[in-house]
Every structure is written in C-alpha cells, then in structure tokens.
Amino acid sequence: MKVITTEVLIIGAGLAGERAAIANAQAGLDVTMLSLVPPRRSHSAAAQGGMQASLGNSVKGKGDNPTVHWLDTVKGSDWGADQEVARIFADNAPIAMREMAHFGVPWNRVEGGPRDVYIKGKKETIVEDFDNEGLITARDFGGTAKWRTCYTADGTGHTVLYAMDNLAIQLDITIHDRMEALSLIHKDGVCMGAIVRCLRTGDIIAYMSKATAIATGGYGRLYGESTNAIINEGTGSWLALQTGKVPLANMEAVQFHPTGIVPTDILVTEGCRGDGGLLLDVDEYRFMPDYEPEKQELASRDVVSRRMKEHILKGKGVKSSYGEHLWLDLRHLGEKHLTTKLREVYDICMYFIGVNPITELIPVRPTQHYSMGGIRVNKDGHAYGMKGLFALGEVANWDMHGFNRLGGNSLAETVVAGMIVGEKMATYTKSAELIADVTLAEKFGKEQTDLITHLLENEGSENVYEIRDEIAELLKDHVHIFRTGENLEKAVNGLKDVLGRIKNVKVRTSAPGMNPELSQALRIEGMAKQAYIIAKGALLRTESRGAHTREDYPARDDKNWLNRTLATWAVGADEPEFNYEPVGQLDLPPGDRGYGGGQMIDMDLTVKEYNAKVDAEQTAFGKHPTIEPMGTRIPKEAWREESPYKDAK
Amino acid sequence: MARTLTFKIFRYNPTKDNDEPHIETYELEETPRLNIFTALHRIREKQAPDLMYDFVCRAGICGSCAMMINGRPTLACRTLTSDLTDTIELYPLPFFKLLGDLSVDTGVWFHDMAKRVESWVHTQKEFDPTALEERMDNDTANKIYNSERCIECGCCIAGCATAQVYPDFLGAAGLNRIGRFMFDPRDQRGEQEWFELVSTDVGVFGCIGMMACDDVCPKDLPLLEVFAYIRRKMNSGVKIAVKDLEVG
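Protein chains in written order, with the numbering used here: chain A, 1 to 649; chain B, 1 to 248.
Simulated from the structure, these hints should not be mistaken for laboratory data.
Any given hint could turn out to be false.
Distance condition first, Cα-Cα at most 25 Å in a straight line; then the derived DSS-like pairs of lysine-lysine [as the list claims (entries may be wrong)]: (1) K97(B) x K506(A); (2) K46(B) x K2(A); (3) K559(A) x K506(A).
Which stretches of chain B does chain A cover? Using the computed rule of at least three CB atoms under 8 Å from a CB of chain A, they are [stated by the list, open to error]: (4) 13-24; (5) 53-64; (6) 131-137; (7) 145-154.
Residues on chain B that point at chain A, a partial pick, calculated with CB under 8 Å [to be verified]: (8) R42; (9) R44; (10) H111; (11) K115; (12) S119; (13) P185; (14) R186; (15) G190.
We put the CB at the ideal spot given by N, CA and C, even for glycine.
One chain only, chain A, in its complex shape (with noise of 0.2 Å):
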C-alpha cells in the first residue's frame, strides 16, 4: 500500500477545507487536501444567495451589527446553537467578506440613489447613501431583522469558491482529487491520517498526518429528493462515525428548503423572495400572510416549509403527475432583475422545468436542503473523542446552527470555520508529532481492502442501488417536515431491516478503476447507519425545535429537551448509544422566536444554574479543552442594547 505523509490533510476541498487548508499553509505547514471531485465542482459552487454579515453598507442594513446578527442565529435556531459559537461567527463574518472582496470576489456593491425594491409584497423606493457607494451591498433573506446578505448576483457560492480555489492554487496547495477517504487511521483516540481509495485506478492508499480535517458536506442525498450534490451523501461524517469514538450531533435536525422545483428538486435561492417574490397556491392567492403576519414569505425556512405544508394538507396545493406543490411567483420582479440578479434561477427554470419567470410561475415545494447535524466538534472545531481530528462547514455540528439554520448563514460559516478552525488547527498541528505507524495504517488499510473483496466476491443478492433508494423512501415517508412517533417507528424498523441486509449487498461488476458500483456500495453502510440516527434520534426527541416538529409533541420542551442529541456507534454493536448535551453556555435566554406561532415548555433552571453545568457534562462526552475557556466570545448581555429588547428596558 501506498503511503503519504503530510503535516495537515484536509478531507473536501469546498469551501470550508479550502479556506482551513489556506490558513494551515499560511501558518507554514505543508498541507494535502482531497476532494471526491476537483474542488471547483464542490457543493458549495451551488449556492447561490448569498453570505450573511453585518457589513451594514445597504439603507435596509442600517443599524446592523454582530450582535443583531447572532440575535437573529441564535432565535433562528430555536435556542439550539452553542451560542458563544454563533457569536464567534457573526463578529468574524464581516472579516470574512471583506477578505474575500481582497481575494478577488467581484461582490455586488451599493449604488447610490433611489431604486424600487418590493418589500412584503408591495413595490416601494429606497435611497442608498451616495456615502457609501461602492461598498459590499446586501438583499434581504428569511428570518433577519436587516438585509444582510451579500451576494454575487445569484451566483455567490461559485465565486467565493473560484476566489478561494485560486488562492489555494497560487499558494500551490497539493490537491488529489478525485479521491475518496474509506475510513480513519486512529489509536487510542488520536487521529493519524485516512485510507483512501483513488477514483481513478481504485487503489488503496493511506494518507499519514498530524492533523486531519473533515469537511465533505451533508448527506442531505439520504433523502433521495433533495436539492444537494449527487456527492453529499454522507461520506465525511461516516468516516467519523465509524471510530466508533466520535459523536454525531443532532442528526435528527434536518433543513427543508421552502423553493426546490418541481421536478428535479433543484434550488431556487431564499433571494428570490428576498427580492420580493411570493408563495401562491392552487387559486393564486398569496397565503404567508395569512400565518406569518410579521415576516410573511421571509420567515425562517422551517416555518415557511411548515406553513406551505400545512396549506397543501388544506387542499390547497396544485396537483401534479410529480405531487402536490405551490408556486412561486417572480413575475413581478422584471426580466431585467430575473436576467441579472436571478440569472442562475432564470437559467435553472428555463433549462430544467421549462419554465419562464418573465411569465410563467415556477412550481415549489419544501425539499431536503441542509444537515444542521454532524460531527460534534468543539468551539476550535476539534472533534469530540479523537485528537488531532477537525471537522469544519456542513459536515460539522460545530453548532452555531442548532435546529434550523439561516439562510445565507451556512455559506459565510464555511469561510469564517475555515478561517478559525483553520488557526486552531493549525496551533494544534505545531506541537504535534508525526506518527507514521505504517503497521497501524496496513491494519486499517486490510479493512478496506477485505471490505472491497467481501463486496465483489459474497453470495449476497441485495442491490445497492436498490438500498439505498430504499433508504431514502423511509426516510421521505416518515422523517419529513412533519413527524410523529407512529412514523418515526416505522422508519426505524424499517432501516433496521435493512441494516440486516447491507452485507448483502453484492457489486455486480469487478471493472478495475473508478468502478461507480463498488464507490456506491463502499458508502452504504455509512449511509444506512446514519439514516438510523437521523430516524431515532427524531424520534427519541418528543418535542418540537426548529426543523424537527412531532405533531404528537407540538410545543418546544426546554424543560427536558434544551439539549443537544449525540450519537456514537461502537464498532460491532448492533444499536447506536444516545446522549444528550447542554446546547452550550447561554447569554439569551430561552424565548419566543417572534414568528411560527407554536407552545413553549419553560426551562426549570436559572441560566446560571444551566450554565453551570455545561462545560463538565460536555466533557464527559469527549469535548477537548479548547485554546480558550468556554465563554470568553461572548459579551455578556450585549443582546439588551439591542431592539426589541432595548425598547422593552
């Protein structure tokens, strides 16, 4: 077996490895990222929004500020983030983009005058500050008290992405891409390096480091109708997974995205109602209002999917040979502005659905969008159970995103994680040792390989392609937007079954080379098990936060469920073990949300009594000390300057 060494490795090279993969190499280390694909392909080339932060620089951003920002992530999460977290990153996301502007981002940028925007469905001018014209300017996203996001055009995930490949590139940062990590080289909770297998030739090579980061994505693809990469299915986070060491954090926490087309489940972006589109149903009648009154179409995504879902259970869907949807109304909006500011949207329609937004309504419905879970990491973005392993971006739950995440939040949270656990790792690499165990790495290596053979070779007659289609039925029919324990039992009898089966599975061809067969059935053992966390732990957590609402358990529990789930899966067992964790040290204490409606179970303790016990229960399930103690991010109850609280003082 191959075996190369390297000080930092990074696995995915999207936004949130490149950026860590960047800060390692500016800190002098040698740094080998691998991506399954050549990093431009990425996922994060696919957002299209934007990237919130409190630059300001807009009419509609005046006022702004970190701490209006964070107020915004934290209600948006349902209390469910870590809010010194949140924190972290909503005073280093104006940093962030302001860099990116450096490194060549061509970000849009204020013009000065009056222009007609539609703001809640009605169509009026605003006047931009001559004064600032030619700064970073913002459009208005869901669940924000200010228009915050930046953006270019509806291309912004492809040209952060570019920016920052071309940095890694003129830094001269080794790349191998096209190559997949089977599984984690680890002793004694410390992490050495990865097994991998080349999509190329498909040998087996082991990668040998210091520091390993993860940063591969969601597995938003369990679900089968998503708005993801064909590619997010979960890798990275099997990878840790299957340490049996490392937790998964909140699983069950999954974002429905309220506009992906209908069919294909390809995204339109939040912008297109930050621009002032709107939701109608099957008589053209624009219904938010009707239950968010406050934010209408721009509440936070798991309420719009909610509410949309809940009309189509009205009869109010349009019905079609693909199912039930709404529409999406742009019409309003221009060519102009769809041709421009839309243009991947208009683009995406005309292509996909044939459609034309000039004229025409664009058929939506809630579709898998995001993976608030993933692998528990500290504030430094250290994995809890193993040492010297990061995880940063989606794959992660590092968690600033709790139960629902923000639109535009998750883009600025790679480059800003990126950034942070990019420093952090790379302090951390500085004073640790090389151990190229190549003994160690054959081991870890022979599992792959027997796993191939097993695979090529077994009597079995199950079908992957089968499976995992399988995999994803259960979890669309039971662990949707809406959930009840009488669904939920299902899935998880049903994901047990197959479980029993996976060993089944038999690859039909034994091609040499890329052998897309065997790639799929090398991962569907990681991707059935996590289905499982996803299932149980949704329907272990009898209450409702954020994306994950029990019909049997409406009202948000912080009495008994102001946590955080963990999920480990010892090697060999047949179950997973459950946990749970304090969400981290609260500053803003458990509230209503300001839109969603929805009943609130008060936390029995004092938020000193909760804050008390953080950091030792945390510990207990593997935390790492951090570089800095917990708490020392946040200004303590810098939230009271802020509306509404100031006005209630």
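Given the coordinates of chain A, work out where chain B should sit on it, guided by the hints.
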C-alpha cells in the same frame, strides 16, 4: 406516445487489460422531461453497472458533466431527451485526458490553466481586517462577474479547432480567465505582463476566429467581446476603461 430511445455510448476503460474503445448500445423508455443525467443513471443502475461518467450538482452549475451529445459538446444534466433524436450518441469530450467511458479529466487541465495564467488577483496590498473594503463600482463588479461565470465544463475547448491542433492553446476558457483579471481593477499586472501572457500563438493570437466556443458555451459567456477587448488592449497598448466597453 412514449419513445424507446437508443443510446449509443462510447465505452473504454483504460485501466482494464486488453480493453479497446468501442460503442455499446442501450435501450431506454423515455419518460416526461427525461434528461441525460437521469437517463445515464437508469442505464447504469439497470444495464451497465461499470459505466463511467461524471455528475455532481445535476443543475447546470458545477461543470462536471460536459460530453459530446449527438456530436455537440454540452452539459448532459440539462439536455432533455425530448430535444433529441430517437438514437442518441454519447462520446466523451475530445482533447481532455480520458478517465473512462464518458469521464474526462477536465479538473487537472483547468487547474494547470489557472497556474499558467496566474488566475489570481496580483496585488502588493496586504489584507487589513480592521479596514473597510476597497470600493468598486457596481458596473465593474457585474462585468467581472460576467466572465467569472465560467464553470470550467470544457465545452469551449472541446469545440475549438485550434486546441485540437495546438494542445498548449489556452482556449476560450483560458482567455476568458485572463480577461476576467484584466477587467479587475484590483489586479495590478501591467501592460508588459499581460502582453507576455497573451500575445503568443498559444494565447489570443492563436485563435483563428471560428468561434465554436461562443456557439457551445452553456453559460453564454461574452466570449466575442472578451477576445476583442484583449486583442485591442494588446494591439493598442492603450488603457481601455472597462466601463466603456459593452461586455455582457
């Protein structure tokens, strides 16, 4: 009336001993709004488990899935079978290294191109995290974005007569990338540096003007205007303000 489509697909696995390039034929029932992405998955999952091709976003954004469809380089994900004949011929893009069947190594070529044209903002300025961003007028930002929209699918290179003869030719994608940085006021490269980069026969003067790139570009990049801009700039040596140009 549903059609039965016949797919004639180029097959060759270079990692397999004694394999020879050949065409295999598959039949598939057409369903409403069927695209080549879904069709190839159906063929692979039911008929040809070793069939190699590349898709990532399946939404026309990532640039992975370009291939020759009935003789024309284009994105497979957004090509509907209803726009095609009953028999559909699929070949890998020419020019790029073949990895197997319909999969080619565009990633490595584009990475190398980015190095050759030094695809980054050349500046002496250090980033100051405490300072406001440098101002830029929005029209300039839009013009940069119009060229930045290239998704590196490789269709322009596959369709380019010069590239087939001169493998070092930067092609439309390379020249467009150069244009993108020429437009960018943050990039401080001077006339001489640009001249050395593009004024050769692998650069802008290698183009023989057949403009197949412009015909096949799936993102409708303003290639004609970008090439004209680069040529004029190289010929005149005169600074042309980006704002004065009709680009995109």
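Status of each hint after checking the structure:
| no. | hint | result |
| --- | --- | --- |
| 1 | K97(B) x K506(A) | 31 Å, violated |
| 2 | K46(B) x K2(A) | 35 Å, violated |
| 3 | K559(A) x K506(A) | 48 Å, violated |
| 4 | 13-24 | holds (count 4) |
| 5 | 53-64 | holds (count 11) |
| 6 | 131-137 | holds (count 7) |
| 7 | 145-154 | holds (count 5) |
| 8 | R42 | 10 Å, violated |
| 9 | R44 | 7 Å, holds |
| 10 | H111 | 7 Å, holds |
| 11 | K115 | 6 Å, holds |
| 12 | S119 | 5 Å, holds |
| 13 | P185 | 11 Å, violated |
| 14 | R186 | 7 Å, holds |
| 15 | G190 | 18 Å, violated |
The structure fails hints 1, 2, 3, 8, 13, 15 (numbered hints given earlier, in ascending order).
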